[in-house]
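Visitor: Sequence:
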Amino acid sequence: MDLPQELQERLKNVSNLPSPSRVAMAIMDLARDPDLNLTAVAGLINKDPALATKILRTANSALFAQRRRSDNLRKALIVLGLNATLTLALSFTLVNGFRKQQVEGINLPQFWRHCLLSATSSRVIGEVLGRTDTEDLFLAGLLQDIGILAVDKAMPGFYADAPEQFDHAALRCHELDQLGADHADFGAWLLNHWNMPQRLVDAVAASHADGQPVDDQFNACVAMSGRVAAFCLAQDRESTADLAEEFETTTGYPTERLGDILMRLQEQVPDVESLYESSLIEADQAEQILDQAREILMLRNLQALRTAETRNQQLEEANRRDALTGMFNRAHMVTMLEQEFAASVENSWPLSVAFIDLDKFKQINDTHGHLAGDKLLISTATALVDNLRDSDIVTRYGGDEFVIIMPGTDHEMACAAGRRVSAQMARVEHDLGNNLTLPVTLSIGIASYDRDNRFDNVDELLAAADAAVYAVKANGRNGYATWTELKSAGEAPAAPKRDYRVADAAV
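Its first residue numbered 153, the sequence shown is counted upward by one per residue in my numbering.
There's no promise every hint is true.
As the list claims (entries may be wrong) - List of simulated lysine-lysine pairs, DSS-like, C-alpha gap at most 27 Å:
1. K514 / K527
2. K199 / K227
3. K527 / K512
4. K625 / K649
5. K649 / K512
6. K164 / K252
7. K164 / K305
8. K639 / K649
9. K305 / K514
10. K305 / K227
11. K625 / K527
12. K305 / K252
13. K252 / K199
14. K639 / K625
15. K625 / K512
Please keep in mind that the hints were generated in silico from the structure rather than gathered at the bench.
Can you make the complete structure from the sequences, with help from the hints?
Guide: In structure tokens form, the structure reads like this:
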């Protein structure tokens, strides 16, 4: 949001607005020089021995770990790179200059801890997300709250009525309520006033996104850094899940990356504290941050396990299914039937099985092609499911054959199911594509295990149902027959010699 014109005019009339030191201004001027070179950078930094020392210490710190130590500024500049060196130098000089500012109503030590922790968080977030402009992110993170100093100079005592607890969300609400703008708006105006790069101005302006997605990744890193800093410094820490959710919303990256960020942040804090001669977090806070990071990483591992379990379950389910129709396949049919048969024997429950053949399927396949045949098989499977009970299990045995397992179903109930399915399926018009619809009849053979019909095992039960199918075919197809009735009438054909447990080749 642009700063209201009235506030801009007030800022322009303030004589003691925060402003960079001469060294900082010189650094910014040099950064804009298209002919930037190592000699010019080294010459400028050497004018400030304290600054040169900090740059050298930075190059030798764990933040820029190298096998060889830099024992002079020139080597340090090579390690850091010219742009990163200038950005670091500007960070050092700005912090050193602005630390002397006094703001009524704001806890200045806490303010600078938040600024430096935001800067470090911004750099770490960039590192974890694979960015190379991490020192620019550090500077943007450092300056995202500089607008607080501008507000204080334009309206002395404004923060005296601010919430006592240094709470960024509450502070921002106070600013918006009283001024119609927040300190991010003031900060962006101030950086623009200093002729800072537009990239930094935009990042500061967007730094308080308030949990909203931020399209530009650089700006998203900066916006999230303030939230991470507030999380680390808070007395009553919000839940890690809330912070992780905000991280995903703001950056668009998965929440588990936050665990890596907190771990790396805790590792870098000691070096930043040493370089900027500040205490950022206490030992107990550092341990809590590690605990939070471990929690997120643990959740990531649990999620990975759940994902793997889900994938395995999906693979197992796929292995149970017929690829064409989606029904259970032959191998799994045998497994389920074994379980149901064992339960029936143990508990004296009835169990029926129906073997089903599509009549004249080969003729349809040869006449209209395999694609039409496949569509007919799919349509038949769907129609069978629609015309049976939820407790009945439709499986594809192979080719044009299906097997239906009917738990808790005795001979009489199975006969009723056979009549119903045979009649209803004969009326179904199957859409085979290319404006072709065909009816198909079924030959259904049923065998039941109940008090009047006993079988020693699953193979005998399947063989009996299969034999009943042959009887239907011999009688002209399109109907059903039961092994019980055929046996009673002395008409039971010999069971075909088939291995009901070995899966057929894919059809």
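Visitor: All hints are to be evaluated individually against the structure, with a verdict given for each.
Guide: Evaluated hints:
Taking the CA atoms of K514 and K527, the gap is about 14 Å. The hint holds against a cut of 27 Å. Restraint check for K199 and K227: satisfied, since their Cα atoms lie roughly 17 Å apart, inside the 27 Å limit. Taking the CA atoms of K527 and K512, the gap is near 15 Å; set against the 27 Å cutoff, the hint holds. Only pairs whose Cα atoms come within 27 Å are accepted, and K625 paired with K649 is accepted, the gap being roughly 17 Å.
In summary, the hint linking K649 to K512 is supported, as the alpha carbons are separated by about 22 Å, within the 27 Å threshold. A threshold of 27 Å between alpha carbons decides the hint, and for K164 with K252 the separation of about 22 Å falls inside it, so the pair holds. With a C-alpha separation of about 11 Å, the suggested pairing of K164 with K305 holds against the 27 Å cut-off. About 18 Å separates the Cα atoms of K639 and K649, which keeps this hinted pair within 27 Å; it holds.
Distance hint between K305 and K514 is unfulfilled; the C-alpha atoms sit about 91 Å from each other, more than 27 Å. Pair hint K305 plus K227 does not hold up; C-alpha atoms about 41 Å apart against a cutoff of 27 Å. Distance restraint check for K625 and K527: the Cα-Cα separation of roughly 23 Å lies within the 27 Å cut-off, and the hinted pair is therefore satisfied. Distance hint between K305 and K252 is fulfilled; the C-alpha atoms sit about 13 Å from each other, no more than 27 Å.
The straight-line distance between the Cα atoms of K252 and K199 is roughly 22 Å, inside the 27 Å bound, and the hint therefore holds. For the suggested pair K639 and K625, the alpha carbons sit about 17 Å apart, so the restraint of at most 27 Å is met. Between K625 and K512 the CA atoms are separated by roughly 10 Å; this keeps the pair inside 27 Å, and the hint holds.
Violated hints, in rising order: 9, 10; the structure is consistent with all others.
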